[in-house]
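**Student:** All chains, full assembly: derive it from the sequences and hints.
Chain residues, written in single-letter form:
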Amino acid sequence: MANVFSRIGDWVNERAPNLAPTYRKHMTEYFAPKNFNLWYYFGSLALLVLVNQIVTGIFLTMNYKTSALEAFNSVEYIMRDVEWGWLIRYMHSTGASLFFVVVFLHMFRGIMYGSFKRPRELVWILGMLIFLVLMAEAFMGYVLPWGNMSFWGAKVIISLFGTIPYIGGSLVEWIMGDFLPADATLNRFFALHVIALPLVLLLLVVLHLAALHEVGSNNPDGVDVKHGPKGNKWNPEKPIDAIPFHPYYTVKDLVGVGFFLTIAAFIIFFAPTFGGWFLEHDNFTPANNLVTPSHIKPSWYFTPFYAILRMIPSFFGTAIWGVIGMFGAILLLALLPWIDKGEVRSVRYRGLGFRIALGVLVFSFLALGLVGAGVTAEVIPEWFPGADVTTWENAFGRLMVLGYFGFFVFVWVYTRFGFEKTKPVPERVTMHD
Amino acid sequence: MANEVVDHGRRRFLTVTTAVVGGAGVVAAVVPFIKSWEPSARAKAAGAPVTVDISAIEAGQKVTFAWRSLPVFVVNRTKDQLAQLKGLEPRLLDPSSSDSAQQPKYATNETRSIKPEWLVVIGLCTHLGCVPDFVPDIKPEPFDANWKGGFYCPCHKSRYDLSGRVFSGVPAPKNLPVPPYHFIDDTHIQIGVDPKEAG
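As you go down the protein sequences, you meet chains A and B in turn. Mapped onto the numbering used here, the consecutive letters of the first sequence carry residue numbers 1 to 433. Mapped onto the numbering used here, the consecutive letters of the second sequence carry residue numbers 1 to 199.
Heads up, a few of these hints could be off.
[As the list claims (entries may be wrong)] Simulated pairs of lysine to any residue, SDA-like, Cα-Cα distance not exceeding 25 Å:
hint	chain 1	residue 1	chain 2	residue 2
1	A	233	A	217
2	A	423	A	37
3	B	86	A	316
4	A	230	A	248
5	A	238	A	217
6	B	139	A	394
7	B	62	A	295
8	B	35	A	184
9	B	148	A	385
10	A	341	A	330
11	B	35	A	195
12	B	44	A	170
13	B	44	A	191
14	B	35	A	160
15	B	35	A	198
16	B	105	B	90
17	A	65	B	33
18	A	25	A	235
If you are wondering where the hints come from, they were derived from the structure by calculation, not from laboratory data.
**Tutor:** Written out as structure tokens, the structure reads:
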């Protein structure tokens, strides 16, 4: 038997001699710093969720009907009549939310340890492109069940393009293919959600990993292991503080996968709507273009950006400023390698100012999420009876918008004009064992 | 080989012309795909004018009709409600309806309508297109202690008065649009056709 396998191996090798070296380059001979911690789980977990979304998505398309008349009922059909259909759909919907959980943590890791800094700017930019495509993918996926929140979410998000001066109105009609989100809109979103965007996403993921493996992984100390001493027990040429990705990190990542799947399974089985956060209650009624849900709010992972949109008022007869703010919030993240001019990567050795600013960024981002989800509008009357909700919500929300954008302004000034007092960075990675 | 000397000028010319002609071809080929996203003939046909009966709408009442699948509000305003409109002007963004894109000429007046009591507006918030709620009563509301009746958008809290004029300091930038319409007789309105065209 072994003989047969080795003969097949030889046969392939003869015809594709680069296959085995490619595998070694990215797995058994990809040397990653040996001090990865918990924060380094989220990249591989994102890949796991991507696979889950593709597999469950393929099976959902087998019973989903792409038509404004049938879409809602076909989703209910999947939930009630298709054998295990509920599980497949909940795996897909929970996966979508967990995708963002994992990606947000992955991005936070990158900011915290300076993984976006030279020489990894390209990795960061590709990652931000993945994030953009992922948001488009999630938005269009949310429209497909054609519930009332799908419809109104689509309407509000597409209307964002209507705020662009002059071309806005016709652009909106072009995107919808009608005067309202309609059958044409649903069909094109389906095509983009199941074919076009996943292809782009996969390509970007491959490029993201290729770019990473070219420069090598960062680590919690932000130390360049490539520039440190050479010679580990596998290869005398490779950094002493690095270990092969396979089997060391594949095995480590499996532990993360175990924890992650436990949490995911708990949500899928016991709290698939997650109290209205993962699947909103208003989406359990069919789309109705004459009745707006009383509280339109996007899925939780869009709420921070949505709050920025809401908190910026219109000036000069146009509402485009909020839209610019919302997209600017993402653009500034993408430009972080050029905004943050600090030489030291890891937060462990950076100045106090950066640590505080990072805390402010995280706090404002989470607070904006609560504002965008309408939590503040509910809490203010309870905590402060008699207070004017709109005034206080706007005051709080706008303060958080300032906090979010303030991070970028502060970090630029702080690092550009030499205010940052960094700690000495060690020569080699520090091990905490 | 007779001519081993490469004619670089000729080569560059051929490269550029090939690229330009090929590029033009690609651009031309993209056009049908982009145009395919525009509203289809069927979607446009569904946007034909509609005639509605307003005889059953009592004073102070609002009825929503669908035109181009857009909700069109028809409100029969009472004298009281009309009287409130004047005092609101300092709190409004565009009290005199100066933005000509938001209503036809024949509705550019104090009541933004052909007949003072009958308001006809497209019931979509000019912020991001939600359907505002009709809150006609003149009484303090949680969102406005000084409420004189009007429309309140549940999405982002934009407020409009009973002429569809937007308040200052809310996300919506413009007054609710008035669609083209005309009175066929005292009890019927045709939405989608100007009085002139109806002739």
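**Student:** Enumerate the violated hints, using their earlier numbering and listing them in ascending order.
**Tutor:** Hints that this structure does not satisfy do not exist here, as all of them hold.
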